[in-house]
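Protein chains in written order, with our numbering: chain A, 1 to 220; chain B, 221 to 440.
Everything labelled a hint here was simulated from the structure, so no lab data went into it. All of these numbers come straight from a predicted model, not from anything done at the bench. A few of these clues could be false.
[Said to hold, decoys possible] Restraint-style ranges between C-beta atoms, simulated for each label pair:
| # | chain 1 | residue 1 | chain 2 | residue 2 | range |
| --- | --- | --- | --- | --- | --- |
| 1 | B | 415 | A | 175 | 39 to 49 Å |
| 2 | B | 256 | A | 187 | 33 to 43 Å |
| 3 | A | 87 | B | 250 | 27 to 37 Å |
| 4 | B | 250 | A | 145 | 21 to 31 Å |
| 5 | A | 220 | B | 298 | 26 to 36 Å |
| 6 | A | 25 | B | 298 | 32 to 42 Å |
| 7 | B | 430 | A | 83 | 42 to 52 Å |
| 8 | A | 83 | B | 343 | 48 to 58 Å |
| 9 | A | 117 | B | 310 | 31 to 41 Å |
| 10 | A | 131 | B | 343 | 21 to 31 Å |
From the three backbone atoms N, C-alpha and C, an ideal C-beta is built for every residue, glycine too.
What follows is the residue order along each chain.
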Amino acid sequence: MGLTVFAFEASPPCRGVFITLKALGLEYELKQIDTKAGDTRTPEYLEKNPQHTVPLLEDGDLYLAESRAISTYLVNKYAPDSDLYPKDPEARALVDSRLFFDVGLNTALLHILKPLKYDGDIARSDAAIPALLDLINIFEAMLAKSEYAAGDHVTLADLAIVANVSTAEAMGLDLSGVPKVRAWLDKIKQLPCYEANVQGVTQLGVMYKEGSTALRAKAQ
Amino acid sequence: MGLDLYFMDKSSPARAALLLIKTLGLDVNVKSLDLFGGEHLQEDFVAINPQHTIPTLVDGKFVIWESRAIMTYLVNKYGKDTSLYPTDPEERAVVDQRLYFDMGTLYDNFGKCVYPIIFGGAKEVDEAALTKTKQALTWLEGFIGDRGFVAGSSLTVADIALGVTVSTLEASGILDLSAYPVVSAWLNKLKTTLPGYAEANQPGAEAFGVMFKEALARKS
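All chains should be modelled from the sequences, with the hints used to inform the complete structure.
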């Protein structure tokens with residue numbers, strides 16, 4: 001067989017895929033990608049993924065980008081009866097809906113992280129925080145109706161969303177107003193597959209805290 | 221009973237959901253919400269969808285939002301033939317990747333071109349966002365290639381999602397679509413062959429274009 005994942009650990013969508021692979025008990029080879037060093041811009045990589053993004057899954061002749069499409073593919077192909085991505089149209093649709101919601105979460109997170117990483121623009125980074133917290137508030141409202149992100153048991157939606165929400169926590173953002181989200185986060189952290197998230201989220205949290213602190217000090 | 225679709229004609233994702241419904245030949249009760257008047261923020265709608273976004277689909281007791289999850293749900297549940305959302309894991313994965321590309325890359329960057337002007341009082345289209353939108357169209361050219369459709373050699377929900385996004389982009393006039401001949405030919409094919417296109421998408425796309433151009437023309 002032989003699955004290969006091109007990724008770097010700090011990236012939330014990459015972690016979403018790592019968590020899913022671990023939950024499914026699938027072995028894979030990790031090819032470490034350094035985007036700043038230009039690893040995603042080589043002709044070889046662009047041939048596999050013209051979008052030059054991570055994560056990228058290689059499975060035989062298939063090269064698949066988009067973390068959530070990778071996760072759903074892994075279940076469809078290797079664990080089609082798994083509860084992580086139920087077959088019932090309604091249950092599946094709810095998982096899909098939350099996976100698209102997660103795209104919004106990640107985009108909001110990037111609006112905070114990118115200005116910091118690439119432009120040293122702390123003002124623009126800080127200004128983007130309320131929009132992420134707004135989405136986390138909406139997730140709180142969703143959790144009022146179901147124990148997990150997409151129903152009464154763990155699904156791919158939880159595994160994807162936790163990569164982003166755990167990042168918000170690691171960054172030190174204010175989650176005091178969302179008790180259901182915090183309780184949900186604690187539950188997901190108990191899952192064995194969550195182990196695949198730990199190193200990367202810690203890394204990203206530290207990078208954000210150090211970077212933002214330094215820039216705010218400079219701005220004074 | 222039947223399907224209720226909460227809708228607004230100018231909204232690209234809402235039109236994508238409606239167009240798919242028409243493509244499947246399903247009956248639907250279209251419930252237009254006045255977003256500019258804040259109708260989506262009223263209690264009864266927030267009770268249905270705490271994220272208060274459109275499109276939102278109500279199918280009996282089942283509520284689902286996120287246009288692309290709505291589309292895949294409807295094919296999973298009601299599609300008489302599965303080619304619109306193939307069941308083979310690899311074919312489906314490619315459709316899913318295109319759907320996430322639509323949300324996270326093409327529609328996202330197009331939004332960054334137009335929404336700051338419509339809602340934010342910006343005076344001109346952001347250069348960086350425009351560059352990324354053009355890049356996304358170049359990738360879309362590659363995805364279609366000589367196969368004629370975005371995810372293979374037959375129509376899928378990805379064509380409907382991306383087709384509506386591109387039609388809205390075209391209506392806005394922020395760039396010249398003829399620079400993308402493969403995309404242009406594909407869009408034209410969708411316009412002339414999809415049942416219900418003239419009804420479900422054309423007027424709304426045009427209305428969006430008019431609204432955007434008026435916003436751009438406002439000097440103060």
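Do the hints match the structure? See the list:
Range check, residue 415(B) to residue 175(A): about 47 Å between beta-carbon atoms, so the 39 to 49 Å window is met. Between residue 256(B) and residue 187(A), the C-beta spacing of about 40 Å keeps the proposed range 33 to 43 Å intact. The hinted range of 27 to 37 Å is satisfied by residue 87(A) and residue 250(B), whose Cβ atoms lie roughly 29 Å apart. For residue 250(B) and residue 145(A), the Cβ-Cβ distance of about 25 Å falls inside the hinted range of 21 to 31 Å, so the restraint holds.
Between residue 220(A) and residue 298(B), the C-beta spacing of about 60 Å breaks the proposed range 26 to 36 Å. Separated by about 34 Å at the C-beta atoms, residue 25(A) and residue 298(B) satisfy the suggested range of 32 to 42 Å. As the Cβ distance of residue 430(B) to residue 83(A) is approximately 48 Å, the hint placing it in 42 to 52 Å holds. Between residue 83(A) and residue 343(B), the C-beta spacing of about 51 Å keeps the proposed range 48 to 58 Å intact.
Range check, residue 117(A) to residue 310(B): about 34 Å between beta-carbon atoms, so the 31 to 41 Å window is met. Restraint check, residue 131(A) to residue 343(B): a C-beta distance of roughly 22 Å satisfies the suggested window 21 to 31 Å.
The structure is inconsistent with hint 5 alone, although it conforms to all the rest.
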